[in-house]
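Participant: The chain contents come next:
Protein chains: 4
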Amino acid sequence: MTEVVTYRPTPDELSYTFGGREPVRTVKPGTILELSTEDCFGGRVRGVDDLPSVVCEFPYLNPVTGPVHIEGAEPGDTLAVHFVEIVPARDWAVSSTFPHFGALTGTHTTATLQPPLDELVWRYDVDVAAGTIRYHARRSDFSVEMPLDPMHGTAGVAPASFESRMTIVPDVHGGNMDTPELRAGVTAYFGVNVPGALFALGDGHCRQGDGEVTGTGVEAAMNTVVIVDVIKGQFAATPRFETDESLMSAGSARPLEDAYRMSQHDLVTWTADLAGLDTLDAYQLLGQVGEAPIGNVCDPNYTVLAKVAKRYLGGATAYEGMHERLRTTARDYLSNR
Amino acid sequence: MTEVVTYRPTPDELSYTFGGREPVRTVKPGTILELSTEDCFGGRVRGVDDLPSVVCEFPYLNPVTGPVHIEGAEPGDTLAVHFVEIVPARDWAVSSTFPHFGALTGTHTTATLQPPLDELVWRYDVDVAAGTIRYHARRSDFSVEMPLDPMHGTAGVAPASFESRMTIVPDVHGGNMDTPELRAGVTAYFGVNVPGALFALGDGHCRQGDGEVTGTGVEAAMNTVVIVDVIKGQFAATPRFETDESLMSAGSARPLEDAYRMSQHDLVTWTADLAGLDTLDAYQLLGQVGEAPIGNVCDPNYTVLAKVAKRYLGGATAYEGMHERLRTTARDYLSNR
Amino acid sequence: MTEVVTYRPTPDELSYTFGGREPVRTVKPGTILELSTEDCFGGRVRGVDDLPSVVCEFPYLNPVTGPVHIEGAEPGDTLAVHFVEIVPARDWAVSSTFPHFGALTGTHTTATLQPPLDELVWRYDVDVAAGTIRYHARRSDFSVEMPLDPMHGTAGVAPASFESRMTIVPDVHGGNMDTPELRAGVTAYFGVNVPGALFALGDGHCRQGDGEVTGTGVEAAMNTVVIVDVIKGQFAATPRFETDESLMSAGSARPLEDAYRMSQHDLVTWTADLAGLDTLDAYQLLGQVGEAPIGNVCDPNYTVLAKVAKRYLGGATAYEGMHERLRTTARDYLSNR
Amino acid sequence: MTEVVTYRPTPDELSYTFGGREPVRTVKPGTILELSTEDCFGGRVRGVDDLPSVVCEFPYLNPVTGPVHIEGAEPGDTLAVHFVEIVPARDWAVSSTFPHFGALTGTHTTATLQPPLDELVWRYDVDVAAGTIRYHARRSDFSVEMPLDPMHGTAGVAPASFESRMTIVPDVHGGNMDTPELRAGVTAYFGVNVPGALFALGDGHCRQGDGEVTGTGVEAAMNTVVIVDVIKGQFAATPRFETDESLMSAGSARPLEDAYRMSQHDLVTWTADLAGLDTLDAYQLLGQVGEAPIGNVCDPNYTVLAKVAKRYLGGATAYEGMHERLRTTARDYLSNR
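Chains as they are written, first to last, in our numbering: chain A, 1 to 337; chain B, 1001 to 1337; chain C, 2001 to 2337; chain D, 3001 to 3337.
Derived by calculation from the structure, the hints in this document are not laboratory data.
Ideal Cβ positions, reconstructed from N, Cα and C, are used throughout, including at glycine.
Only true hints are included.
Facing chain B, according to a computed beta carbon distance under 7 Å, are these residues of chain D, among others:
{"no.": "1", "residue": "Gly3020"}
{"no.": "2", "residue": "Thr3110"}
{"no.": "3", "residue": "Ala3111"}
{"no.": "4", "residue": "Phe3162"}
{"no.": "5", "residue": "Met3166"}
{"no.": "6", "residue": "Arg3254"}
{"no.": "7", "residue": "Asp3258"}
{"no.": "8", "residue": "Arg3261"}
{"no.": "9", "residue": "His3265"}
Produce the complete structure using the sequences and hints provided.
Facilitator: In structure tokens, the structure reads:
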């Protein structure tokens, strides 16, 4: 019988780092977690007049729910997190520019002497039943509907080497990868660095363009269901994702080509292993059927995924069918609810 | 009556630069060009024993067909090139590693002291009728079929500022962008830098993964049909593409984030103009529905596209319907052939 | 009367992070600290047969001495650390290549499929009295003497935002900047992020080339004397250095141009402030007399300094003469010892 | 008897590319060339009211004097150019910001949506006899004297592969490296790509900071004397410099770390060859005594040099004493003039 644990943190229970924090819950492998997450602004930006630089207080940005300790997860193992469901918690969501943050502005590191862009907030209408959101221009009457495609920008485990990282940072422990691929139906794999893995989750987006060019997606509080499990004795050196159709590896680094290299390198060696291919044969194969969806080009590290359809790999199975098993559990949960 | 010009160059007519060369043909705007192009190896790599570093002679790599002078195209105008058809000319194609070339190896600029990767050639079977190609591993019996998705890695015009560039370089004049988006059905727009524009085309791929991680796609000679036309008085500062569904801008630069920035910047300002949006409103809109397919992460500049579905832009029309008109001409040509 | 505190940690007292650790000592502003530091290998590489990848245990690398709590240092203040003396503790020092670490090799992030470089150790003779060290080639009889120029690769304070970072990382809190400019005679300024600042120090080098191209300097345990003091109510957003002749700002980021931008941006605004110049006037001035010594091109962030001779700034004084005061204290200490 | 050729081009004789142009003179190896060069603005910016974006006409920027055909220089050889003397031709010089050009501003490739920096011109007084120049702030009365340290930002030969490049581009053919190391007393080595090498020279600076952060040095027309000679059968893959004390290799690429890697890689292999060292031994040696002066962080490629004092190389002689011979010729010329 699958255990279901529900956890809806109060604002003061939210976390702002991966690592360096005590677990909020301890659960068994195989547990279904019903979680709520706040948006990246901590819910303080509620309309176009709530400028983030005014209403938010650094470093209380990008809160995550967790961390959750998963029993039996030890350094050297891999944590599997299947995303069952991601549902916006409100009928609105927000996005904004933010001074010196985003891809088309100078930043703290790409330091320029130019003045910052105007700080503007956009408020979206969210219609969960219809599966749509609506954009409204700020400086004209233009408005347009877009598909709702909920995802989590931030998910991961405690980092290695006694580190504690701001939730805004994506790296090999996961974190703020900001990839639209982290939607319901995906299983994410994270290498375990500390006992219990210490999984946390936040930064829901109703949808997001490739690269999150303005620095924010359509930011929303979420009600999210995940199933956590543990793969013993195998370590995912960088986050990996699996769907029914595809395998993916994440790379988070600067410059952007290094994020690309990391992700392609991991997927080449992973698929070589899964399909029994020589490394250069896998390199060639990926070179022709591999995809490279960009996650973010605005965070402290940039994130790119390497992605390949399983059908090109001759029936290879990752992690002994973990994704398929969690998928079945998810279906049972959803149909019995 | 649309004029059709057929040009099938002999090997010694091929060109190795954009710029610095006399036109091979002069045609009127609206002309349909039936062209043949050689593969990036000049057709010298015909099997797994033909190592590129042995059979090819630098700098006679990546030949292009052209340049073609288009009458009336003047600096400050934009050349429109609609890709009607791209058909592999042979029943095989090749790909390879190449010493110190590709994304997962040190290179001439990312200089390391490590030895190069093994140089290997893969020969693909090409079945145009079935719309498939077949990959064969070199170091095992693994084999798999992939969809044929023909594209041109290299297309562009003579650069500005009296420059002449190797065909392997992508930049604002086009060149070796190596993006899978340059397939049949697309209209490419290139800013005109010299009288006649001097359009050239080459480097056909039967298909290619995002980023062309090994440094080569599935390289093939092609029989390609394009229609060329001129947009007077408007200058595309970087290559743009249009399909029935989407608009795209290309950015070619290093590091990869700059290619991303260039492409997003051009698409933001272009869509702001087309949809009558304020720049920051367009930035926000693109931030949520924009895509960023990676072209190459191996050439002298890396290439990323910014892409948006037209349906989000409120019925905006680019270049006064040029794409739709060329599309109609293409359909007439194909149905009357 | 200046207080002198001596602290020579045992191996198990060493620290491997900035942040996330209790102070080993608490001292008053103005205290002279006599410290000993271990080398980056924790003293385990003692000769050419001690391969780091064999004798060292990740993540117990690059140990630092500390952290030291400085009373009265509060977030928003700046910690001043004057380096009085840095003396090698042994008559030998070591350097090495390390698999996938260094500037002329693929790395974890600049991921390639090539095999790693050979792992080799070089052992240097250190003659403190003569002020020289001696290099011996490993694969020939070549040998040459070099000036001893002792420095600390790693120095800094606890980071902001509840973070804890591996000591190998340089960032705005300091850390592993690996710049030869951090030698005796310099005053380093670090913005204070947590109460007490939590200063730590390690990674002594007998000398180092620009960029630390192989990934290691001439690594040595050191006996080092520093004076710590606090500047209230001013926050150095990135580490700054001052000598009798020069002012410097450090930038640590990737790609390397961003490290350059950060450092130049900080020095432009700092010198504008000190010399009463308009920002663009300071930009122009730095553009002609500014220097940009490269620290490292091998660590998780790369480090570049921006440097300007004070004589170009019209007699401006940084931090109300802090450097001059500490310099005097240092001279008194050295002459009375 | 050494031949002396004087060439002072009229404005319409200036060149704006390396490659793609007929030689203006043909000379024998060993010839002393007395040249005049215009400043990067073509002499059109003469005071603070002459804004470059108004008075200059793209692409007629950064003119060079030449190209000069050197008899007997064949592809695969190396051209040696000894800089005997670089003397400012006027008693003033200028520098400026330029919209979207420079290191602390968004650019064409680091594309941002922010407005450009103000365009300002600074006019320097030049006192050749005193060996000084004088800076005057634009927005205050601040003024300061700086040493005159004349150099050429742009020098090189025709590129390979039928290319023609704007003079503003630095690459393996030389070009706009913008390094202060290219001053009188240095011998520059350029690999020859086309018959006669086609050497050209321009972009004099009275001095320049590391990285040319504002995008321009103290720009001046120059009267410059060089001696050209040919090293048969050896090819410098990237520009190299030699002084009485040092050897240097130039790397020009993006991102900046690749410029660093290229330069260090070339210097490692060059010094290994000169000193009879194993490659890793040379890598280690450079790692401790190598310098890395930054040239520019603003041009289409960024430039970094790798530099080592000859005294660490055990008496090795580059190119069979070419530098020493040209040095002697230079001394004779200067003393007999």
